[in-house]
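Now for the letters of each chain:
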Amino acid sequence: MIATLRREPAAALLAGVAAAGLAVLIVYPLGSVLREAVVGEGGFDPEPLTRVLTNPVTRQIVVNTLVMGVLAGTGATLLGFALALTTARVARGRSRTGLHYIAMLPLVAPPFALALSTIFLFGRQGLVTRQLLGLEVSPYGLGGLLFVQVITFSPVAYLIFDALVRQLDPALEEAALNLGASRVRILRTVIVPLLRPGFAGAFLIIFVESLADLANPLLIGGDFNVLASSVYLAIIGEYDTRKAVGFSVVLLMPSLLAFFAQRIWVGEGNVVTVTGKPSTGRVQVFDPAVRVPLLAISVVTAILVLALYAAVVAGAFTKLLGINNTLTLDNFRFVLQGIGTRAMTDTTLLSAMAAPVAALAGLMVAYLVVRTRIPGRVVFDYVLMLGAAAPGIVLGLGILLAFNHPPLLLTGTAAIFVIAFTVRTAPVALRGCTAALMQIDPSLEHASANLGAGAVTTFRRVTLPLVRRAVLSGVIYSFTRNMTTLSTIALLVSPNWRIMTAQILNEIDSQRLGSGAAYSTILIVIVLVTIVLLQRLFGRATIEVAA
Amino acid sequence: MSFLRLQGLEKRFPNGTVAVDQFDLTVAEGELVALLGPSGCGKTTTLRCIAGFEDPTAGTIELAGRRIDTLPPNRRDATMVFQGYALFPHLSVFENVAYGLRVRRVGGQSLRSRVADALALVGLTGLGERMPQQLSGGQQQRVALARALVLEPKLLLFDEPLSNLDAKLREQMRLEIRNLQRRVGITSVYVTHDQAEAMTLADRIAVMNAGRVAQLGSPREIYDEPADRFVADFVGHANFVDGRVRARDGDRLIVDVLGAVRGVSAAAGHYEPGDTVDVMVRPEAVRVGGAEGLEATVERASFIGNTALYQLSCVGQRLLSTVAMERGVPLHADGAAVRVSVRDEALRAFARPG
Numbered sequence: 002m003i004a005t006l007r008r009e010p011a012a013a014l015l016a017g018v019a020a021a022g023l024a025v026l027i028v029y030p031l032g033s034v035l036r037e038a039v040v041g042e043g044g045f046d047p048e049p050l051t052r053v054l055t056n057p058v059t060r061q062i063v064v065n066t067l068v069m070g071v072l073a074g075t076g077a078t079l080l081g082f083a084l085a086l087t088t089a090r091v092a093r094g095r096s097r098t099g100l101h102y103i104a105m106l107p108l109v110a111p112p113f114a115l116a117l118s119t120i121f122l123f124g125r126q127g128l129v130t131r132q133l134l135g136l137e138v139s140p141y142g143l144g145g146l147l148f149v150q151v152i153t154f155s156p157v158a159y160l161i162f163d164a165l166v167r168q169l170d171p172a173l174e175e176a177a178l179n180l181g182a183s184r185v186r187i188l189r190t191v192i193v194p195l196l197r198p199g200f201a202g203a204f205l206i207i208f209v210e211s212l213a214d215l216a217n218p219l220l221i222g223g224d225f226n227v228l229a230s231s232v233y234l235a236i237i238g239e240y241d242t243r244k245a246v247g248f249s250v251v252l253l254m255p256s257l258l259a260f261f262a263q264r265i266w267v268g269e270g271n272v273v274t275v276t277g278k279p280s281t282g283r284v285q286v287f288d289p290a291v292r293v294p295l296l297a298i299s300v301v302t303a304i305l306v307l308a309l310y311a312a313v314v315a316g317a318f319t320k321l322l323g324i325n326n327t328l329t330l331d332n333f334r335f336v337l338q339g340i341g342t343r344a345m346t347d348t349t350l351l352s353a354m355a356a357p358v359a360a361l362a363g364l365m366v367a368y369l370v371v372r373t374r375i376p377g378r379v380v381f382d383y384v385l386m387l388g389a390a391a392p393g394i395v396l397g398l399g400i401l402l403a404f405n406h407p408p409l410l411l412t413g414t415a416a417i418f419v420i421a422f423t424v425r426t427a428p429v430a431l432r433g434c435t436a437a438l439m440q441i442d443p444s445l446e447h448a449s450a451n452l453g454a455g456a457v458t459t460f461r462r463v464t465l466p467l468v469r470r471a472v473l474s475g476v477i478y479s480f481t482r483n484m485t486t487l488s489t490i491a492l493l494v495s496p497n498w499r500i501m502t503a504q505i506l507n508e509i510d511s512q513r514l515g516s517g518a519a520y521s522t523i524l525i526v527i528v529l530v531t532i533v534l535l536q537r538l539f540g541r542a543t544i545e546v547a548a
Numbered sequence: 047m048s049f050l051r052l053q054g055l056e057k058r059f060p061n062g063t064v065a066v067d068q069f070d071l072t073v074a075e076g077e078l079v080a081l082l083g084p085s086g087c088g089k090t091t092t093l094r095c096i097a098g099f100e101d102p103t104a105g106t107i108e109l110a111g112r113r114i115d116t117l118p119p120n121r122r123d124a125t126m127v128f129q130g131y132a133l134f135p136h137l138s139v140f141e142n143v144a145y146g147l148r149v150r151r152v153g154g155q156s157l158r159s160r161v162a163d164a165l166a167l168v169g170l171t172g173l174g175e176r177m178p179q180q181l182s183g184g185q186q187q188r189v190a191l192a193r194a195l196v197l198e199p200k201l202l203l204f205d206e207p208l209s210n211l212d213a214k215l216r217e218q219m220r221l222e223i224r225n226l227q228r229r230v231g232i233t234s235v236y237v238t239h240d241q242a243e244a245m246t247l248a249d250r251i252a253v254m255n256a257g258r259v260a261q262l263g264s265p266r267e268i269y270d271e272p273a274d275r276f277v278a279d280f281v282g283h284a285n286f287v288d289g290r291v292r293a294r295d296g297d298r299l300i301v302d303v304l305g306a307v308r309g310v311s312a313a314a315g316h317y318e319p320g321d322t323v324d325v326m327v328r329p330e331a332v333r334v335g336g337a338e339g340l341e342a343t344v345e346r347a348s349f350i351g352n353t354a355l356y357q358l359s360c361v362g363q364r365l366l367s368t369v370a371m372e373r374g375v376p377l378h379a380d381g382a383a384v385r386v387s388v389r390d391e392a393l394r395a396f397a398r399p400g
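Chains A and B are the protein sequences, given in the same order. Each number in my numbering comes from the position in the first sequence (counting from 1) with 1 added on. Each number in my numbering comes from the position in the second sequence (counting from 1) with 46 added on.
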């Protein structure tokens with residue numbers, strides 16, 4: 002450490018700042034949850050944990066959670082794979098571009114939107130199930146929950162496979178073809194084995210996301226209780242912190258295991274490398290045995306996704322979609338004349354404050370890990386990743402417990418939201434910046450030093466311009482995610498600051514589905530407008546770096 | 047006299063491998079010395095130690111009478127032409143070349159004229175506004191050269207700068223770099239694994255093997271009087287045939303080799319009468335087709351264009367021979383019986399290890 006201080010004083014200073022920040026904002030909150038779970042009034046007392054694991058009712062909740070995670074992970078991974086294969090190898094031209102955007106659409110909207118429109122379309126009074134088909138079905142329960150989660154999380158798998166399939170050398174497929182393999186056989190013996198890291202990575206990431214999902218289990222889970230919603234209900238409904246902490250620690254374990262298993266097995270390169278030359282021209286188009294099922298899956302998915310989004314907007318502009326389809330602006334009037342206007346400005350302001358902080362935090366840790374020789378620097382990476390690995394509700398609970406007493410009494414302040422948003426989204430900026438930094442040949446920075454530039458000049462004039470794109474993506478991602486997250490802030494809401502997702506939950510809880518849809522529509526519009534604006538402002542100026 | 051002096055340089059990596067071992071080298075002002083060796087011989091590590099990208103574990107580096115091994119890389123005044131060029135992809139050609147000047151707070155007219163001069167020197171006038179990725183490989187190479195030269199450094203470092211170019215262009219750039227370096231008179235260290243490149247460019251060549259200097263000398267010395275078997279084998283092609291020492295004659299040996307008793311030059315080493323030695327003969331020194339000489343059989347004849355390559359079998363030994371060809375000169379057929387002769391001066395003996 003002393004040697005580092007002498008050789009790289011700037012790096013040592015950076016490391017000190019990062020260590021202090023991570024300790025206060027991540028280690029301390031999550032440590033508070035763990036401490037609360039095993040320390041009672043009379044010292045060591047793991048009663049919260051034993052209660053969850055021995056009581057048959059709560060044990061069922063644990064089983065439910067794992068079943069949901071595995072099924073949603075499997076379903077969304079397979080759907081993402083099918084969609085990626087279709088855009089890469091079957092669809093052409095405009096239909097390909099269209100499908101590409103539709104496949105990613107669920108990324109930009111709040112999770113509510115899909116649960117809500119599922120109720121509109123396929124609910125007890127659903128437009129499709131009841132009005133069109135005359136069926137008596139209920140979407141509430143595991144089935145509806147999985148339906149929503151698979152569609153919500155499929156973009157994660159889609160993006161992973163899209164990047165991987167693009168990297169596949171078409172020459173391999175041509176070689177297999179040349180050796181007499183059928184297209185189905187090539188799929189089985191060449192493509193799927195080469196994409197194996199993609200399957201493992203996508204499944205594990207979606208498993209973690211599914212476990213962390215709070216909105217959908219609350220809205221559409223019905224009697225199917227899971228750990229995340231149980232944490233929420235223990236605090237909001239029963240004011241029972243120890244119970245919430247017990248659920249939290251049990252939820253934390255499989256989440257962390259799956260998350261870090263994914264990082265260790267799948268690694269950095271396999272998932273995020275998008276540097277491969279785009280394979281143009283020579284790409285093989287599958288024969289009907291592969292083509293037809295893929296196209297069928299993709300078309301059905303595309304129609305579903307579009308219908309679900311249309312239903313949100315339609316729900317916002319009608320009295321009660323499915324039952325009374327009269328067009329109206331009442332929902333918007335209700336929202337905007339109520340606390341909706343404040344929620345809009347509050348949420349946008351807090352999200353916008355946290356977004357650059359998160360992106361810079363990610364860049365700082367990425368730089369420390371990739372470019373300095375600080376001993377033990379990998380630890381920074383793993384600790385910051387906890388912000389994404391821990392379920393949002395657990396993180397929120399930790400922040401609630403950590404900052405509700407002096408010296409850090411932040412309950413009800415803007416700071417607590419900025420902290421929560423930053424911790425939750427900085428890990429994605431970290432991954433993006435790490436990948437960007439690793440793609441920069443170290444010889445560029447060596448060349449700069451060789452030409453006489455110091456560490457700071459090199460960073461400002463060479464490194465920063467080259468990772469600018471990654472930092473901007475980090476800002477955009479953070480902002481989007483902050484606007485649309487519920488789980489991280491669900492336990493932090495107070496009358497001082499109104500958060501839109503929490504308001505949506507209120508509306509739907511109070512059976513005001515129309516105003517919930519209006520809120521969701523506004524939220525989607527804000528997110529899309531901001532993304533476009535940010536890209537207009539900064540995107541044009543970023544330099545296209547040839548791969 | 048010595049402008050750059052490396053003394054007892056050693057680089058030991060944490061995993062125990064020794065990349066550079068007891069390395070000594072002096073380079074005179076204005077001289078170009080090539081570090082030549084196979085991959086993994088430590089030549090690039092040595093260069094990176096001079097530039098400051100690696101910290102030597104022992105030894106000192108002096109440049110123009112001043113120790114530089116304790117200075118950070120950005121204070122060494124030894125600019126480098128990188129293997130992959132390392133042009134900043136977000137900066138134009140002009141800004142790439144201007145980069146080091148701007149760091150040194152050169153601005154305005156002085157900056158513009160110095161960049162323009164550097165670009166003119168490498169023949170890139172008018173391309174300043176291009177981005178690096180819009181240039182061909184050879185042009186990128188020239189930008190890298192201009193970027194290093196514009197600072198008028200004390201020392202210029204080249205890290206296999208031509209390895210990404212195709213063969214024709216490589217030969218052309220070799221001569222250009224040679225002429226430029228002579229014209230500017232800048233002291234240079236040039237790392238390469240390509241012996242033709244080293245021969246063309248260098249005043250002296252340090253042949254490296256396993257982290258040490260195997261031989262330091264002019265291209266002619268390295269080729270004609272290799273210090274050991276490694277150098278003989280690595281630089282150019284070499285036949286090794288068995289010989290038996292009869293006697294010592296000053297710094298020459300009297301050896302039974304290729305069916306005759308001959309006086310040959312010998313590499314440093316210990317020789318006793320009766321010892322078996324390896325005797326080197328370059329393929330071009332094996333003459334084929336005279337009326338006199340040893341009997342040999344052509345096992346395989348290959349026509350290369352300006353030369354012919356013969357694989358011969360001669361008094362139980364295998365010999366390669368290259369013979370200059372031109373239109374009308376006949377090629378001996380496979381299986382032909384020929385006469386082979388070798389001048390004594392073309393032979394060099396090496397002691398067998400152990």
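Note that these hints are calculated values from the structure, not bench results. Note that the Cβ used here is the ideal one computed from N, Cα and C, for glycine as well. Warning: the hint list may mix true and false statements.
What the hints assert, rightly or not - Cβ-Cβ distance ranges computed for the label pairs, FRET-style:
{"#": "1", "chain 1": "A", "residue 1": "G32", "chain 2": "B", "residue 2": "V152", "range": "51 to 57 Å"}
{"#": "2", "chain 1": "A", "residue 1": "R292", "chain 2": "B", "residue 2": "L215", "range": "43 to 49 Å"}
{"#": "3", "chain 1": "B", "residue 1": "G62", "chain 2": "A", "residue 2": "R292", "range": "54 to 60 Å"}
{"#": "4", "chain 1": "B", "residue 1": "L377", "chain 2": "A", "residue 2": "R97", "range": "58 to 64 Å"}
{"#": "5", "chain 1": "B", "residue 1": "R364", "chain 2": "A", "residue 2": "N179", "range": "38 to 44 Å"}
{"#": "6", "chain 1": "A", "residue 1": "L258", "chain 2": "B", "residue 2": "G62", "range": "34 to 40 Å"}
{"#": "7", "chain 1": "A", "residue 1": "A262", "chain 2": "B", "residue 2": "P60", "range": "26 to 32 Å"}
{"#": "8", "chain 1": "A", "residue 1": "V40", "chain 2": "B", "residue 2": "G62", "range": "56 to 62 Å"}
Said to hold, decoys possible - Here are some chain A residues pointing at chain B (derived, C-beta under 7 Å):
{"#": "9", "residue": "A308"}
{"#": "10", "residue": "T327"}
{"#": "11", "residue": "V457"}
So, going through the hints one by one against the coordinates:
Under the hint 51 to 57 Å, the C-beta atoms of G32(A) and V152(B), about 53 Å apart, fit the expected range. With their beta carbons about 46 Å apart, R292(A) and L215(B) fall inside the hinted range of 43 to 49 Å. The hint said 54 to 60 Å for the Cβ distance between G62(B) and R292(A), and at roughly 56 Å that hint holds. Checked against the given bound of 58 to 64 Å, the beta carbons of L377(B) and R97(A), roughly 59 Å apart, stay inside it.
A hinted range of 38 to 44 Å holds for the C-beta pair R364(B) and N179(A), which are about 41 Å apart. The hinted window of 34 to 40 Å between L258(A) and G62(B) holds, with their beta carbons roughly 36 Å apart. Between A262(A) and P60(B) the CB atoms are about 29 Å apart, so this pair conforms to the stated range of 26 to 32 Å. Under the hint 56 to 62 Å, the C-beta atoms of V40(A) and G62(B), about 47 Å apart, miss the expected range.
Hint status for A308(A) relative to chain B: violated, with the closest Cβ pair at about 44 Å, above 7 Å. Hint status for T327(A) relative to chain B: violated, with the closest Cβ pair at about 56 Å, above 7 Å. At a threshold of 7 Å, the smallest CB-CB gap from V457(A) to chain B is about 11 Å, leaving the interface hint violated.
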